[in-house]
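Asks: The residues making up each chain are set out below.
There are 2 protein chains.
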Amino acid sequence: MSSVRVVQRMGVFDSGVGGITVLQALRRKFPSIEFVYLGDTANVPYGTKSPSQIENLSRLCAQRLRDEKIDVLVVACNTASSWALPAIRQEVGPLVDVIGMVEPGVASVLDRCLTNTGPILVLATRATVRSGAYRRAFETALPQDSGGPGTRDVFEQACPLLVPMIEEGWLDHKILLQTIDEYVSTHRQQGREGIALLGCTHYPWIRTQIESRLPGWTVVDSAESVAQYLASRVAASGAKLSDQASSPEVKWIFTDPEAVPEFARKILRSV
Amino acid sequence: MSSVRVVQRMGVFDSGVGGITVLQALRRKFPSIEFVYLGDTANVPYGTKSPSQIENLSRLCAQRLRDEKIDVLVVACNTASSWALPAIRQEVGPLVDVIGMVEPGVASVLDRCLTNTGPILVLATRATVRSGAYRRAFETALPQDSGGPGTRDVFEQACPLLVPMIEEGWLDHKILLQTIDEYVSTHRQQGREGIALLGCTHYPWIRTQIESRLPGWTVVDSAESVAQYLASRVAASGAKLSDQASSPEVKWIFTDPEAVPEFARKILRSV
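In order, the protein sequences belong to chains A and B.
Numbers 650 to 920, taken from the numbering used here, label the letters of the first sequence in order.
Numbers 650 to 920, taken from the numbering used here, label the letters of the second sequence in order.
The following block holds chain A by itself, in its conformation from the complex (with noise of 0.2 Å):
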């Protein structure tokens, strides 16, 4: 008898509500799936914590959603992908496939390098720049710097105070705009034309005004990238998508319910 593993429930995790992001994406391309979202919002934000706490609280996530009987767990946090996925797969077993947010986002940039032979910048947070796991990520995928014409720059760029300002609704305001080109500017005069991947769950939102500040560069969104690159493994994996003919609904998990910022509220309505 042949078993056809069958993929019927996916988890996605996130220290608070960036990763309803990265659920969108998940949902477009895999509309039959039961999703069960868990965003960790007692302990948001884990980008300022020590390594040792940001793996005991996922840890504690993962089991979670581990007796929610997903068979696919997506951490849909930079932070948690960067410091604690060998700690998420031993709570949650075998049996579950984990993904990350790096690795996935690093094959899309690799994929646009083909076409694209400027620099590769990645936006993120503090934590995700200090856990220095993009840049072990590119090393690895790219050919050592010889000084000749193949090598490649890439540069991190840590943009802390990007998620207050969305959190705080500010998506239009110049100040955003100013804050990015702070960021982004010095990038931007090098002159050439290269790759900004977007390395934290919440810069989807004001993805438009990134690209506003870059312009003739090309944006890769972490969450899409998540989306192609789990629907190209389990076609790869052979595993069968359960085909419910409605789109289910997500059931929402929040570890402080009232900590839930209200523009997120008003997002979580319409998914």
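Hints in this document: simulated from the structure, not taken from any laboratory.
Any given hint might turn out to be false.
You can't tell identical chains apart in this list, so a pair holds if it fits in one copy or across any two.
Claimed, not checked - Think about it this way: if two alpha-carbon atoms lie no more than 20 Å apart in a straight line, the pair counts; the simulated SDA-like pairs of lysine to any residue are: (1) K915 to R775; (2) K915 to S699; (3) K900 to A913; (4) K823 to R862; (5) K823 to L763.
With the hints as your guide, set chain B onto chain A.
Replies: Just chain B now, kept in the frame of chain A:
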């Protein structure tokens, strides 16, 4: 045998590092007292959490400071002062005098009201404004609005982006000044110069920047207000201050030492 209470050791509690401004003001006022500072950096910020979580976390910190044998506990966190003072008092017991931020700040503003007849503007985080603690304190202290010339307007302004900018070290950045302007310009344009209360322990670090955007206004620093208030209270109670000759070193406790932000590490070394 009469027993005169001796104040020898004070605790200062904040969710993070903002309370250091209060500690500095207290040390200037009480140079012979031993200080223990507890920053709950594992759980900062409190401002985005629910009231019950703020209360639970404050209780744990109060227990830890009680074990330090303090005589006075200054709750140098507006969020904990607004939501958790009764819980903190319960944890430390009747022998420890517990002081929050709201009452001293309000008392200090009322002193200025004798010479300034303009509006009162409280600048604070969103959680502090939401708590209504300052509004209630002013309503109790000031005569009810009768529409007559003796009434006084009290405004609360949430300034949620100031703490992230201070922690980012943007103290002299033009974007900080523009953001302050965003928060205070409508109040400034009312035409009457009033009294602005810094209702967040981070704000004394940008006091001159706030003053520059509110010309002619009286800016009241709640850190200094607490030190002044406590000095009066100790004097009135007849308690005796310990009179060690030299200024004792501060004992620092952080629930996640790695989560102390870089700008604060520099300040710690100089306190």
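Asks: Each hint: holds or not?
Replies: A quick look at each hint next to the structure:
1. In this assembly of identical chains, the alpha carbons of K915 and R775 lie at most 20 Å apart only when taken from different copies (18 Å versus 27 Å within one copy).
2. For the homomeric pair K915 and S699, the shortest alpha-carbon distance between copies (19 Å) is at most 20 Å, but the shortest distance inside one copy (31 Å) is not.
3. For the identical chains of this complex, K900 and A913 are intra-copy neighbours only, at 15 Å inside a copy versus 40 Å across copies, given an alpha-carbon limit of 20 Å.
4. In the homo-oligomer, the alpha carbons of K823 and R862 lie at most 20 Å apart both inside one protomer (12 Å) and across protomers (18 Å), since each shortest distance falls under that limit.
5. In this homomeric assembly, K823 and L763 never come within 20 Å of each other (Cα to Cα): the closest approach is 35 Å inside a single copy and 40 Å across copies.
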